[in-house]
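Enquirer: Using the sequences plus the hints, can you model the full thing?
Note that the protein sequences, when read in sequence, are chains A and B. For the first sequence, my numbering begins at 1 and goes up steadily by one. For the second sequence, my numbering begins at 275 and goes up steadily by one.
Hints listed in this document are in silico derivations from the structure and should not be mistaken for laboratory results. Mixed in with the good hints there might be a few duds.
Across the chosen pairs, the derived CB separations fall in these ranges [to be verified]:
(1) A:Asn152 with B:Arg331: 27 to 33 Å
(2) B:Thr492 with A:His59: 56 to 62 Å
(3) A:Phe97 with B:Ser506: 56 to 62 Å
(4) B:Trp373 with A:Asp9: 44 to 50 Å
(5) B:Glu449 with A:Thr98: 44 to 50 Å
(6) A:Ile93 with B:Asp375: 53 to 59 Å
(7) B:Ser494 with A:Asn152: 46 to 52 Å
Under the rule of at most 30 Å between Cα atoms (straight-line distance), these lysine-lysine pairs were calculated in the DSSO-like manner [as the list claims (entries may be wrong)]:
(8) A:Lys30 with A:Lys51
(9) B:Lys465 with A:Lys41
(10) A:Lys41 with B:Lys382
(11) B:Lys416 with B:Lys480
(12) B:Lys465 with B:Lys480
(13) A:Lys115 with B:Lys313
(14) A:Lys205 with A:Lys115
(15) B:Lys412 with B:Lys500
(16) A:Lys61 with A:Lys125
(17) A:Lys61 with A:Lys115
(18) A:Lys205 with A:Lys51
(19) A:Lys30 with A:Lys115
(20) B:Lys465 with B:Lys500
(21) B:Lys382 with B:Lys398
(22) A:Lys65 with B:Lys382
(23) A:Lys41 with B:Lys339
(24) B:Lys313 with B:Lys339
(25) B:Lys412 with A:Lys41
(26) A:Lys65 with B:Lys398
(27) A:Lys41 with A:Lys65
(28) B:Lys343 with B:Lys412
Going by beta-carbon spacing under 8 Å, a handful of chain B positions derived as facing chain A [claimed, not checked]:
(29) Tyr362
(30) Asp375
(31) Gly376
(32) Asn377
(33) Lys382
(34) Glu383
(35) Arg390
(36) Tyr393
(37) Asn397
Think of the CB as a built atom: it goes at the ideal place given N, C-alpha and C, for glycine as much as any other residue.
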Amino acid sequence: MFRNQYDTDVTTWSPAGRLFQVEYAMEAVKQGSAAIGLRSKTHIVLGCVNKANSELSSHQKKIFKVDDHIGVAIAGLTADGRVLSRYMRNECINYSFTYESPLPVGRLVVQLADKAQVCTQRSWKRPYGVGLLVAGLDESGAHLYYNCPSGNYFEYQAFAIGSRSQAAKTYLERRFESFTDASRDDLVKDALMAIRETLQGETLKSSVCTIAVVGVGEPFHILDQATVQQMIDAFEIVGEQEGPAAAAGQEASAEPEAEQGGAAAGEGVAPMDI
Amino acid sequence: MNFMASKQPENSLLGPESDSQRTLYPYVTGTSVVALKYKDGILMAADMGGSYGSTLRYKNVERMKAIGKHSLLGASGEISDFQEILRYLDELILYDNMWDDGNSLGPKEVHNYLTRVMYNRRNKFNPLWNSLVLGGIKNGQKYLGTVSMIGVNFEDNHVATGFGNHLARPILRQEWHENLSFEDGVRLLEKCMRVLLYRDRSAINKLQIAKITEEGMTISQPYSLKTYWEFSAFENPTQGAVGSW
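Expert: In structure tokens:
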């Protein structure tokens with residue numbers, strides 16, 4: 001994408017029928033640090049990579065609880081993400097107050113998408129520079145949606161956004177068929193593996209990632225560092241041994257010992273910078 | 275010459291509300307509604323009378339209506355306010371349907387929505403003069419609740435409005451139990467409605483019973499209850515009375 005005369009404002013179409021400002025906003029999402037989400041029939045797990053600017057600072061919050069049954073992970077302009085999370089929390093709490101019932105996640109996602117669309121059709125606004133992975137439960141089960149700056153939304157079994165997300169996506173594509181019936185713990189392990197893919201060689205430890213879970217009978221919550229480290233240790237033991245790559249045939253096993261780690265960090269899939 | 279105190283508040287001080295009136299009293303009213311949970315859902319009964327003060331003026335008023343796929347609303351009190359509530363709910367259900375997704379508002383949601391409406395109106399000193407009964411069943415879960423004109427709301431296994439609270443609830447407390455069959459439920463409701471017919475002067479002998487189950491809502495054709503007036507106590511009512519009246 002190169003600079004051209006049709007990209008100054010969002011209300012200008014290019015002759016090819018593109019809105020460049022919207023596409024540039026989607027670039028901002030790709031620059032943010034990775035966030036991933038995956039779901040089974042009853043649970044959804046969100047994970048993200050947290051890189052602090054320096055050793056002295058804390059890392060940015062990228063996962064937000066929106067309500068007991070909905071949470072969101074963001075990638076891109078975190079300030080925009082924070083503002084949208086506040087909007088989502090507001091919508092949820094207003095619905096809960098009026099109807100004493102949780103807002104169905106499918107409806108929240110449409111409202112969010114409509115809000116993003118407005119910014120693509122006003123000359124005095126700019127699109128939100130953040131991609132949101134919305135995880136939530138409603139009457140029809142567990143759902144994972146991705147909301148883009150363009151105002152589109154899609155439902156996914158598993159997805160990854162942000163920088164080096166292609167590595168995670170490739171891992172998820174290999175494994176997604178087992179997710180629907182996976183147990184909660186296996187889902188979390190898969191999330192950690194997917195995050196490891198995006199780290200490209202760096203050691204996976206609980207200080208660089210955040211994991212959150214929501215499921216039937218389990219309100220949305222972020223797992224604490226100690227628990228996450230425990231889970232990492234539980235499967236990483238075997239991970240270094242590069243067992244035959246955990247290809248699609250492999251059953252997700254509950255015992256850490258039997259775990260054949262995914263392609264060992266640094267090997268296999270080369271990141272594709274989009 | 276302002277020494278005569280005006281009964282009306284001065285229009286200018288009220289600002290934008292100066293030309294509207296607040297509800298002071300109801301005009302055309304419906305009497306009790308009684309409802310109970312039974313095996314397959316909810317049964318609700320109400321007569322078809324619309325009183326104009328002490329005159330039993332309208333005799334074909336349907337005081338129970340289906341709301342969406344899962345709920346049934348019965349109302350006592352001002353009939354025109356009930357019609358207004360039906361319009362609000364119609365719009366609510368319409369917007370719910372327009373989402374066209376797998377979700378729908380169940381009886382719990384409708385009940386809470388109504389509670390908010392009634393309470394908000396009460397806070398503005400302009401109440402909808404009704405006592406409402408909202409029952410329904412969704413995904414196997416039965417729900418039965420009530421909201422008053424001041425926003426008091428609660429759920430229970432059996433509810434009633436107005437005189438029904440005094441005459442029907444005690445009977446229900448004695449005789450209601452879980453998993454009533456349809457026939458037993460109807461019999462119990464008829465027992466309550468008969469007592470109301472004898473003792474509530476705004477009741478008329480023309481009632482409907484509505485039921486709501488997972489399959490949907492059905493409402494009976496209007497019918498009347500058999501009554502018996504040959505009790506010896508009625509023959510010479512003042513016989514044992516003490517006092518000048």
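Enquirer: Hint by hint, note whether the structure agrees.
Expert: Hints, verified against the model:
no. : hint                               : result
1   : A:Asn152 with B:Arg331: 27 to 33 Å : 58 Å, violated
2   : B:Thr492 with A:His59: 56 to 62 Å  : 60 Å, holds
3   : A:Phe97 with B:Ser506: 56 to 62 Å  : 57 Å, holds
4   : B:Trp373 with A:Asp9: 44 to 50 Å   : 33 Å, violated
5   : B:Glu449 with A:Thr98: 44 to 50 Å  : 36 Å, violated
6   : A:Ile93 with B:Asp375: 53 to 59 Å  : 21 Å, violated
7   : B:Ser494 with A:Asn152: 46 to 52 Å : 50 Å, holds
8   : A:Lys30 with A:Lys51               : 15 Å, holds
9   : B:Lys465 with A:Lys41              : 48 Å, violated
10  : A:Lys41 with B:Lys382              : 25 Å, holds
11  : B:Lys416 with B:Lys480             : 28 Å, holds
12  : B:Lys465 with B:Lys480             : 14 Å, holds
13  : A:Lys115 with B:Lys313             : 45 Å, violated
14  : A:Lys205 with A:Lys115             : 36 Å, violated
15  : B:Lys412 with B:Lys500             : 35 Å, violated
16  : A:Lys61 with A:Lys125              : 25 Å, holds
17  : A:Lys61 with A:Lys115              : 22 Å, holds
18  : A:Lys205 with A:Lys51              : 12 Å, holds
19  : A:Lys30 with A:Lys115              : 21 Å, holds
20  : B:Lys465 with B:Lys500             : 11 Å, holds
21  : B:Lys382 with B:Lys398             : 25 Å, holds
22  : A:Lys65 with B:Lys382              : 25 Å, holds
23  : A:Lys41 with B:Lys339              : 37 Å, violated
24  : B:Lys313 with B:Lys339             : 21 Å, holds
25  : B:Lys412 with A:Lys41              : 21 Å, holds
26  : A:Lys65 with B:Lys398              : 35 Å, violated
27  : A:Lys41 with A:Lys65               : 20 Å, holds
28  : B:Lys343 with B:Lys412             : 9 Å, holds
29  : Tyr362                             : 12 Å, violated
30  : Asp375                             : 5 Å, holds
31  : Gly376                             : 5 Å, holds
32  : Asn377                             : 4 Å, holds
33  : Lys382                             : 6 Å, holds
34  : Glu383                             : 4 Å, holds
35  : Arg390                             : 5 Å, holds
36  : Tyr393                             : 11 Å, violated
37  : Asn397                             : 15 Å, violated
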